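Each chain, letter by letter, is given below.
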Amino acid sequence: MGNERVKSSRRKFLKSAATIAGSAIGFNLLGSSRYLVFAAEPKEEALPWYGIVIDIEKCIGCGKCAKSCKIENDVPQEPFFFRTWVEQYTVENNGSVDIISPNGGIDGFEQQVPDEEVFKSFFVPKMCNHCSKSPCTQVCPVGATFESPEGITLIDEKYCIGCRYCVQACPYGCRFIHPVKKVANKCTLCYHRLKKGLDPVCMEVCPTGARMYGNLRDKDSKIVKFLKEHTTHVLRPNLNTGSKLYYNALSMEVR
Amino acid sequence: MNFFIPPQLKRLVLAFAIFISAFLIIRHFLVPETFGQYGFYRGASLEETAQTPVMYAGQEACFTCHQDIEDLKQQDVHSEVRCETCHGPGQKHSENGDTTLLENPVSRESCGMCHSKNVAKKKEAIFQINLKEHYIDKKCIDCHNHHQPWVMKE
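Same order as they appear, the protein sequences are chains U and W. Just so it is clear: in the first sequence, position 84 is 84 by the working numbering, and no numbers are missing. So the working numbering is basically just the index in the second sequence, starting at one, shifted up by 1000.
This is chain U alone, in the form it adopts within the complex (with noise of 0.2 Å):
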């Protein structure tokens, strides 16, 4: 006891310290924390990267594009759930912002207000962004929603738990609770399709070519050649959810 049992435990904390600390970073320089730390990073460099792009100039709100994607995906018909929908955004001369999108869009939509009294109109249709810093596969418990391999943000259904997390956390509040599956339920870009070389249905129907997606990593597809040539902004950019739709010519009223 006294001075010479001080010295010595200092020594052996000291030599204890010092294993740990290099045991902590040897094991962390030879890589096999990676079996520990769950990470989303992309495996394989020869997989797509998907983006969207919407072009809003181009964008004529018929609503098909709601519309089939109910069909296909098994989405109910009752206005409150949609995996894609179209809003109108009316800019009066006296400056105040009307935002509609009755169903959607899926029954195409009336002019409410008289011509002579419009600055600008438009229609944006939105969808899920497919973030590739998606808050909402952050904040899921258990693991249910994820950024699949190809970039393309999925849900498992017989995962989740319902907790409606995801649902309070997407900014782009393209995420809804499935009324029969209690569930969370978003677009998934179809990737049913992309995985049969089809194209996702919003893209495939809509007539004038406002929807695109493509590979971000090939610099010869059709999305990244518009990205170079037109001005593109994001949704929200300030949340940085790394968000992967793109939107040409985008107005600053937009939410």
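These aren't lab readings, by the way, just hints derived from the structure by calculation. All figures in this text were calculated on a predicted structure; none of them were measured in a lab. Heads up, a few of these hints could be off.
[Claimed, not checked] Computed cross-link-like contacts, SDA-like style, restricted to lysine to any residue with a CA-CA straight-line distance of at most 25 Å:
1. U:Lys222 - W:Lys1123
2. W:Lys1122 - U:Pro114
3. W:Lys1092 - W:Gln1059
Assemble the complex: chain U is given as a structure, and chain W must be docked to it using the hints.
Coordinates of chain W only, in the frame set by chain U:
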């Protein structure tokens, strides 16, 4: 061991070891097998999501039988509009052509979904017509050929 380990510490380490190993054993049985395969999720759900049945066949499937319509459509302004935009989901019909026929949208409202006049539609994006004034007693297809709209019937 020439330094003194208190008995409480020994008991505490033992208790921790028992609880941690029990946790790891139970976790081994509860966590699904493919979890962590690609990231913090069940890897098998990718395959399950891909199994969803397809309702829209895509334009190429229509042309395998209806090539004549495709040739008509290519000559006029509806060339970029795909079949299922107006005719609806076609997968069942492409699998069995006789059983499920597709809808034929012939009403003014169905043409009007795209072509009705709205200040939000850009004139460069689509040709618009005021459906409240333009030949209100007729259907669109009475005069217009639906696959070749500028080839008039009369």
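Exercise for the section: Take a quick look at whether Lys1122 (chain W) and Pro114 (chain U) sit within 25 Å of each other, Cα to Cα. Expected result: The given pair, whose Cα atoms are some 16 Å apart, holds under the 25 Å limit.
Exercise for the section: Would you mind confirming whether the straight-line C-alpha gap from Lys1092 (chain W) to Gln1059 (chain W) stays at or under 25 Å? Expected result: Given that 25 Å is the threshold and the Cα spacing comes to 14 Å, the pair holds.
Handout entry: Satisfaction of hint between Lys1123 (chain W) and Lys222 (chain U), Cα-Cα up to 25 Å
Key = Judged against 25 Å, a Cα distance of about 24 Å means the pair holds.
Violated hints for the displayed structure: none, as all numbered hints are satisfied.
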